[in-house]
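> Chains as they are written, first to last, in the working numbering: chain A, -18 to 237; chain B, 14 to 499.
No lab work stands behind these hints: they were computed from the structure. None of the hints are false.
Pairwise CB distance ranges (calculated):
no.: 1; chain 1: B; residue 1: His160; chain 2: A; residue 2: Val(-9); range: 25 to 31 Å
no.: 2; chain 1: A; residue 1: Gly(-5); chain 2: B; residue 2: Val76; range: 46 to 52 Å
no.: 3; chain 1: A; residue 1: Phe(-13); chain 2: B; residue 2: Arg69; range: 51 to 57 Å
no.: 4; chain 1: B; residue 1: Val26; chain 2: A; residue 2: Phe(-13); range: 28 to 34 Å
no.: 5; chain 1: A; residue 1: Gly(-5); chain 2: B; residue 2: Met470; range: 47 to 53 Å
no.: 6; chain 1: B; residue 1: Phe347; chain 2: A; residue 2: Phe(-13); range: 33 to 39 Å
no.: 7; chain 1: B; residue 1: Trp406; chain 2: A; residue 2: Gln13; range: 51 to 57 Å
no.: 8; chain 1: B; residue 1: Pro72; chain 2: A; residue 2: Asn26; range: 39 to 45 Å
Covered, in the sense of this in silico footprint (three residues per stretch, anywhere, with C-beta under 8 Å from a C-beta of chain B), are these stretches of chain A:
no.: 9; region: -5 to 5
no.: 10; region: 110 to 116
no.: 11; region: 124 to 132
no.: 12; region: 156 to 164
To spell it out: a stretch of chain B is covered by chain A in this simulated footprint if at least three of its residues, at any positions, have a beta carbon under 8 Å from a beta carbon of chain A; those stretches are:
no.: 13; region: 72 to 81
no.: 14; region: 185 to 197
no.: 15; region: 263 to 275
no.: 16; region: 437 to 443
Glycine included, every Cβ here is placed at the ideal spot set by N, Cα and C.
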Amino acid sequence: MERFNFIFVVAGIGFFALAFVIMGALPLAQYQGIDVVTMDKLATNIPYQFGELARDYPDAFEKAFGTREPTAEAFKDALETGRRAYIAEACWHCHTQQIRRVDPNDGTEVGNDISRWASDTRLESHADEYHNAMNYPHLFGTRRVGPDLIRSSGRHSNDWHLAHFWNPRHTSPYSVMPPYPWFFEDGEGRIPNRKGLSLVTYMQWLGSWHTQFAPTKYERLPRLPFDESWYPPYVAEEAPAEGEADPYGAEEEDPY
Amino acid sequence: MTQVATSLIRPVVVTSRGETRVLVDTTSCLLHFVAAVSWIGVGIVAGLLYSFVFIRLYPSEGVEWLSPGRVRMVHTNLMAYGFLTNAFIGMMHWVIPRLTGEPVLSHALSKVIFVAWNAIVAAIVYGLLSGQAQAIEWGETPFWADHLVVVGVGLAVVNFCWSIIRSREKAMYVTLWYFTAAFVWTPLVYVMGNYLPQLLVPGTGGAALVGLFIHDLVGLFVTPMGWGLMYFFVPVITRKPIYSHAISLVGFWGLAFFYPLNGVHHFLWSPIPMFAQYGAVISTIAVEIVVTTVVINFILTMRGEWGRLKESIALRWFMVGMTCYFITCLQCAFQTTLTMQKVIHFTDWVVGHSHLVMFGVFSFWIAGVIEHLWPKLTGRDWWSRRLNLWHFWLWTGGIALMFTDLTVIGVVQGLVWDSLRPWEESIRYSEIGWFLRMISGWMILVGFVCMALNMAMSLASRQDHSDREYVGQFPESAGAGAGGRA
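Can you make the complete structure from the sequences, with help from the hints?
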């Protein structure tokens, strides 16, 4: 146990390999046979906000992506550029991209993830949301100075995001996030450049898939009568009264 | 174990195999320590600069190359690859040839590694500041730099392993167990963490691997290096062997078995399969038990020697660092439970925890090594003991303030989020804590200036170092008779 060869082989290679199998390969095996969603497939579901960017900033859009139309090619380009900017500016060191299954209303008694960010059709984050070409590597994050972003699609408008990038304190007065003037073409924060447009596209893409994945086990359960106590107070106040149409009831066709 | 006690104080030049050879490459040792101290200076400034963004006083707001997010990555990567790696290589140049009785593969190669490694670190800083980061925590090094890092680490491993393989010692000393294991683990960990999630494994499966990488970089590279140096320098300074050889074995093999299994605890409650999360929690708690045995071994080694802390500042660094290590691991055994993770995950609690281990433990141990070795490497006495004391107390006070402060506001943040109050309330409640964190950063920076100034002034002074024992004149038999308990 005190020889070079023994330590090299058993402790060095052996124990590392054991841990790699248990903690790396076995979790990986869970996704065996599931195809990674390609960029082409992702580009079949373009959030409408991308079209709004093309409409509102036609010249900047053309300069950035070489077209005035929100095409699939331009969308793929914008997504990849946006993700690169997100990584380069280390956004993921202060914003997470995962909704943990912790919530007072979900049986775990403590936590806030689901109440804050989960949607009605999708509660905590599931592995399939990350099983695509935009997650090499994943961007789970380990620190939340600002809110989680995995369901940020549609939560704010494009204009809100641009104002936020120009100076976060314009939209969130107590924010400690730094401004990003290099996302804009001019010195006044009116016209976003390629990075700015791409990052807004990326923000509006995050979570835009969640009504279009196969229903979860939770979603396949028969719809129980509406239980107010499930929701946190501020959601329950806006819940539909009895007899009204369920706003989340309509289901779209599943492209996958 | 007598020969081990002797080998701890082998001279720089030895006669073996019929020829007189330079055993210890003190030049490489010195160069690496100078580089390490330079990088930690830049790293501390980067960390302090980053802390200003939290009190909304960031000095270079709107400057792309000094954007806080990029500066943060420079801070962590410089600490890991600039400071710790340089210091460990320098320290190993001093330790390994003494324990094995054989020089490293080539002293010329050592110089090449020194130049290449620091060029890589400079390239990493450039890459991060120019926006080419990679989205892997502690591995934000641009992807093109990863190939260079792997080559650099490979060269260093070959250089040092040569010395260990050629050794004629019957049994390897504890320090070398840790180093040998780290020589295997470090390249494996780096390749696994930086290549697989980037190229082959997307999303959640990749997250499991990145979790392993985050933890293994600390657990399988920094920790073995740190304990290796403790097992060498503490007996050297106290002139007493390690209390128990058996407990050393338990500590090493326990760490080797349980530490690699810990990684997934960075992503508890995430979509990673729960069996991996439960396993990570259990093995993390097991590590705490292992760590306790090692700490007990050192406390018993120090029995009757605690009075030396008054004289030896180096020993103070080692013992305070060891205390911080025990606190870190004890804290980890609790915070890794799924229950506590609901509240404290994503908060500043974790930031305090990682500063306690990377700064309060390993940087302290390296400060102790520098304290001990600088006069021996330069042949000059310390210019001022008072400055060294200031360095010690400023860093100790700084990490104590930072750790308690971040732990407290971590709990506050977690509870504010949990109570479903508006998000910005957690920021407003954290403001006082973030201000105090900035103060602790200043303390650490001033402490660093004390150290750097003292090192430079010592080098410039003409007072020869009187204690020449390690530079060649010391008889080999002096350490004999100090046997360890088997």
